[in-house]
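Number of protein chains: 4
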Amino acid sequence: MREAVLAANLALPAHGLVTLTWGNVSGIDRERGLVAIKPSGVPYESMTLADVVLVDLEGNVVEGERRPSTDTPTHLELYRAYDWIGGIVHTHSPFATAWAQALRELPCLGTTHADHFHGPVPVTRQLTAAEIESDYEERTGAVIVEAFVERGLDPLELPAALVASHGPFVWGAEVEDAVENAVALEAVAANAYRSFQLAAGIEAIPPELLEKHFARKHGAGAYYGQPA
Amino acid sequence: MREAVLAANLALPAHGLVTLTWGNVSGIDRERGLVAIKPSGVPYESMTLADVVLVDLEGNVVEGERRPSTDTPTHLELYRAYDWIGGIVHTHSPFATAWAQALRELPCLGTTHADHFHGPVPVTRQLTAAEIESDYEERTGAVIVEAFVERGLDPLELPAALVASHGPFVWGAEVEDAVENAVALEAVAANAYRSFQLAAGIEAIPPELLEKHFARKHGAGAYYGQPA
Amino acid sequence: MREAVLAANLALPAHGLVTLTWGNVSGIDRERGLVAIKPSGVPYESMTLADVVLVDLEGNVVEGERRPSTDTPTHLELYRAYDWIGGIVHTHSPFATAWAQALRELPCLGTTHADHFHGPVPVTRQLTAAEIESDYEERTGAVIVEAFVERGLDPLELPAALVASHGPFVWGAEVEDAVENAVALEAVAANAYRSFQLAAGIEAIPPELLEKHFARKHGAGAYYGQPA
Amino acid sequence: MREAVLAANLALPAHGLVTLTWGNVSGIDRERGLVAIKPSGVPYESMTLADVVLVDLEGNVVEGERRPSTDTPTHLELYRAYDWIGGIVHTHSPFATAWAQALRELPCLGTTHADHFHGPVPVTRQLTAAEIESDYEERTGAVIVEAFVERGLDPLELPAALVASHGPFVWGAEVEDAVENAVALEAVAANAYRSFQLAAGIEAIPPELLEKHFARKHGAGAYYGQPA
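Chains as they are written, first to last, in numbering that gives the first Met the number 0: chain W, 0 to 227; chain Z, 0 to 227; chain B, 0 to 227; chain U, 0 to 227.
So that you can see chain W by itself, here it is in the shape it has in the complex (with noise of 0.2 Å):
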């Protein structure tokens, strides 16, 4: 698993998501509990599988000489809250961060966007004070599952949350999934931030197409990509 978190930390840089040591992946084995998370603030050029730390779900370090990354909290709050996740991404990447820096949710436009995420990407509401003041990283993650149990989200068929004023967190059902996802979500952002400065408030497209594409891709009567 360590293995398969290395390397899905370097995907980042590689698919440009991140910028300086602003990202972070993890991935979690459920049978032992174990979160296996980027060491805090080690550049991408210079990581190697000694520096991925080990943690359980309560935080503490199990395995590894390095500090877990500052967002361990918020990682943990989500595995302990949707338990068929299997790994989490957060990244700084230019255009989802711009979307959450705007308070706006990611509005679905596209097809592009339907293959991947179920409707439109909700943000967060701010933190309170106090909440900042008091286990910050943790109740960024419940902010998360706030946002999803008040619109009545399923985070299966929505893989990703953008946090105010911060940036988005994507998981998925394995690490490479969360890494997929987390791309996909930087591409439609992209798109949907050129579509507004063309058309403004334009809407989202017609639900039965939005169903369609996500339907193309995702449950029993998936057929895109080969047969596993």
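None of these hints come from the bench; they were simulated from the model. Heads up, the beta-carbon is just placed ideally off N, CA and C, and yes, glycines get one too. The reader is advised that the hints may include incorrect statements.
Below, a sample of chain U positions facing chain B; criterion: calculated Cβ distance under 7 Å [claimed, not checked]:
{"hint": "1", "residue": "40"}
{"hint": "2", "residue": "97"}
{"hint": "3", "residue": "135"}
A few chain B residues that face chain U, going by a derived Cβ cut-off under 10 Å, partial list only [as the list claims (entries may be wrong)]:
{"hint": "4", "residue": "110"}
{"hint": "5", "residue": "113"}
{"hint": "6", "residue": "186"}
{"hint": "7", "residue": "205"}
{"hint": "8", "residue": "208"}
{"hint": "9", "residue": "212"}
Here the structure of chain W is known, so what remains is to put chains Z, B and U in place on it, guided by the hints.
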């Protein structure tokens, strides 16, 4: 032909036209009535000649172990409608997709556009719910053809269309021409996007300038490039 | 000179100024009255010294097997009008073309601009239908010259023009200077584009700042760079 | 120190912060009172250790065959004003320059910004004609210092300024910190630019979120990164 189609598919990421596996190229052998097309959901990095699928004009797989692109029925609809087409490219390239998602035709704002496309590149209407539910991909091809018929456009002189809320389909006499047209479409879509940010609602170029530039590259009097 | 012209042409894609074959560089040997120029429609990847064409100032091919760039008459018109020019670059670089297509001169919004161009870069008028139909490429050069004459501009201090609905032509004392000016033009066109998105209609920089920066790099009192 | 300064200068094009020769880095040896700085107008591709110039705090060349950067007096003014600074970076990076040319301070719209800069990055006033005519480069440093004094800002917590109509100057305790801050500034300038296109005039992030993120990385309670 499979080699040309493989090379053309690999040219898409090299030209920055695709993210992940979002794009596909096909080519047709008119004599044999066979279409070579990209397999569905296979990464470009690992794609080989054996992955390219051969189908007939009704979509039956004739050769190859892979499932063909889910967009195959769209390609076939265009091959059936336009018998001079030798290759088709579909991408979600960033700026062309922005126009498609904005539901706006791509206006001809400069000579770069006129060199390749004889007027504005049309955007299709949205598919109806009934069309989406039945033969969605084939109907996607049909609304492209419909857009050309309704506007009285010549697909030979305007080898591209923007599918509403989706992205561009581009064609050409040969597979290589289709790829070149896809590259050109993305570049002029970006130029037009930026021109609109500087001067919203700017008008199309004068018709005589459009005619001049298109004629420099196409038809009996063309004088661009080297003699064949 | 052919080697310098080949190297300069190959520098265009290296600097991100061209897509496909859309761009060309020429250089002149004033003593012999010969212009070396890119062949028409030949890909940069495969261009060799043998592809560079030599023409005289009337456009007759003197050496080379290839057909010269279709834009050759525009280059020649500029060489005839400005006898101190040693090289000319024409591109469809993204941001400079956006201004040209928007029919707007490129305002001087910063010192980066002032370092290279002594004021706003003019946009030409549109050619008339008659001009387009007869000697189109030569007339394209003529409207550039006309724009400088009408505005009382010095092409030595302002080595670039935006041809309306087309793109930039850039020149310099040597071929290498012309390439550098084309790189600078694209960068300042991008800067000005983004500044306009943040503050529409912002005014040009104060004249004394323009004079200072231009004089740091040009003329008798220049003190930028190393002594020759 | 010359090696660190050479490496830092070469890092600028690697990070996409400079076009042509537009940018320079310096570092200071406080004990010896010597500043190492990039030579003026020398291409990054061919720059070697021998090209780096050593000057004293009055600008006299102490070692090196080259003429130092024309911006040297600006660097020296900052080194004299802020005695804890170890390195300074000046670039014309695209998005930071767009804000500088728009004469707008860079607002703090997200946690990415707050991680590096403790509030909005100020823009200086324009220099007067008299200041431009006499000791222009030194006065450029002086208006940066003035902007911090007038606003009561701490340059230690806000290690960057946008010079009006010009571009960013960025600093740090070490040369490497200054380069990292310059990379961060460009990224957050791009984020803020795009956020403004989506939601014009959006307000700065809540002060408690700004404090939290800045404190995660700076000061006694910092917990980002690895223990030194």
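- Go through the numbered hints given earlier and state which of them the structure violates, listing their numbers in rising order. Going through the list in order, the structure violates no hint and respects every one.
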